[in-house]
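Visitor: Here is how the chains run, residue by residue.
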Amino acid sequence: MPDITINTTAVSDATPQIKVLFFAALREAIGQSELQLTLPAPLQISGVLALLSAQSPKVHQALAGREVLAALNQQLVGCDSWVQSGDEVALFPPVTGG
Amino acid sequence: MTVVINCRVQPEDFVVDQEYQALRRQDCGAVVLFCGLVREQFQPLERSQGMPQPTDTLQALELEHYPDMTEHSIRAIAGQAAKRFDLRAITVVHRIGLLPLGAQIVLVGVAAPHRSDAFAACDMLMDYLKNQVPLWKKVHFSTSTSWADAKASDKQALARWQTAEQNTAENCQATGKSRVSSVDV
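Line by line, the protein sequences give chains A and B. Residues in the first sequence are numbered from 1 upward in steps of one, following the working numbering. Residues in the second sequence are numbered from 1 upward in steps of one, following the working numbering.
The reader is advised that the hints may include incorrect statements.
One side only, chain A facing chain B, incomplete, derived with CB under 10 Å [unchecked claim]:
{"hint": "1", "residue": "Ala24"}
{"hint": "2", "residue": "Ala25"}
{"hint": "3", "residue": "Leu63"}
{"hint": "4", "residue": "Arg66"}
{"hint": "5", "residue": "Leu69"}
{"hint": "6", "residue": "Leu91"}
Simulated pairs of lysine-lysine, DSBU-like, Cα-Cα distance not exceeding 35 Å [to be verified]:
{"hint": "7", "chain 1": "B", "residue 1": "Lys151", "chain 2": "A", "residue 2": "Lys19"}
{"hint": "8", "chain 1": "A", "residue 1": "Lys58", "chain 2": "A", "residue 2": "Lys19"}
{"hint": "9", "chain 1": "B", "residue 1": "Lys155", "chain 2": "A", "residue 2": "Lys19"}
{"hint": "10", "chain 1": "B", "residue 1": "Lys138", "chain 2": "B", "residue 2": "Lys151"}
{"hint": "11", "chain 1": "B", "residue 1": "Lys155", "chain 2": "B", "residue 2": "Lys83"}
{"hint": "12", "chain 1": "B", "residue 1": "Lys151", "chain 2": "A", "residue 2": "Lys58"}
Hints listed in this document are in silico derivations from the structure and should not be mistaken for laboratory results. Glycine included, C-beta positions come from ideal geometry on N, C-alpha and C.
Use the sequences and the hints to build the structure in full.
Guide: Structure (structure tokens):
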């Protein structure tokens, strides 16, 4: 059995933050295309949505009753996906390309 | 089998014959090309008293996208089609920006030894483009603009190609779900 070692190098002093991007109708309703969000604890996408709503009445209003899709680091994900510091989360309405 | 995949997201128009010629190869008996265009649309305007119902005409579509994600998500879909069908080449060109009435929006081209694979792959690629690629249409009429709504029929069309675990694009707002549990019988 290897000795248990404490990793002292990987811990960063920086507050865990994620970048949140908004697109299309959601971007217009919120009035901005991106923001930085501090993670108070490990969160899933659904938790990020709840946190955003709690922090800003404008975001709360924009998200209320709207169907929202999420991408985590440029991949479509479900709302139970876990988000880590440094991640890019994009939130947007159902897509209408093609 | 190597499948040549060519995906582009661009404001510039495309020339169908150039894309077609690039898809042709000796071992392919079939090339299927689909083009999506900005079509004429009308919407009613406020009626003036005693006057016939006037209508407003669509002027243009404006395509917004997620630049860091669009092209690689199209490429991933093309990769899925290449695994599923017997293909040799796939081209997808999707335009962004302001596209006037009649403009070309999208081209999907597939080269295959036989037509059934080419038709099916083209159909599948369009269904995925409509549902899983981060592109949004804003509809410009002369007197108003609005965002196009996603169609339920497009979602149903996608389900034909999917297994349950592939359906990652889900609504992250739990709207409506709670209503079901409180139905009285």
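Visitor: Against the structure shown, which of the earlier numbered hints fail to hold, in ascending order?
Guide: none
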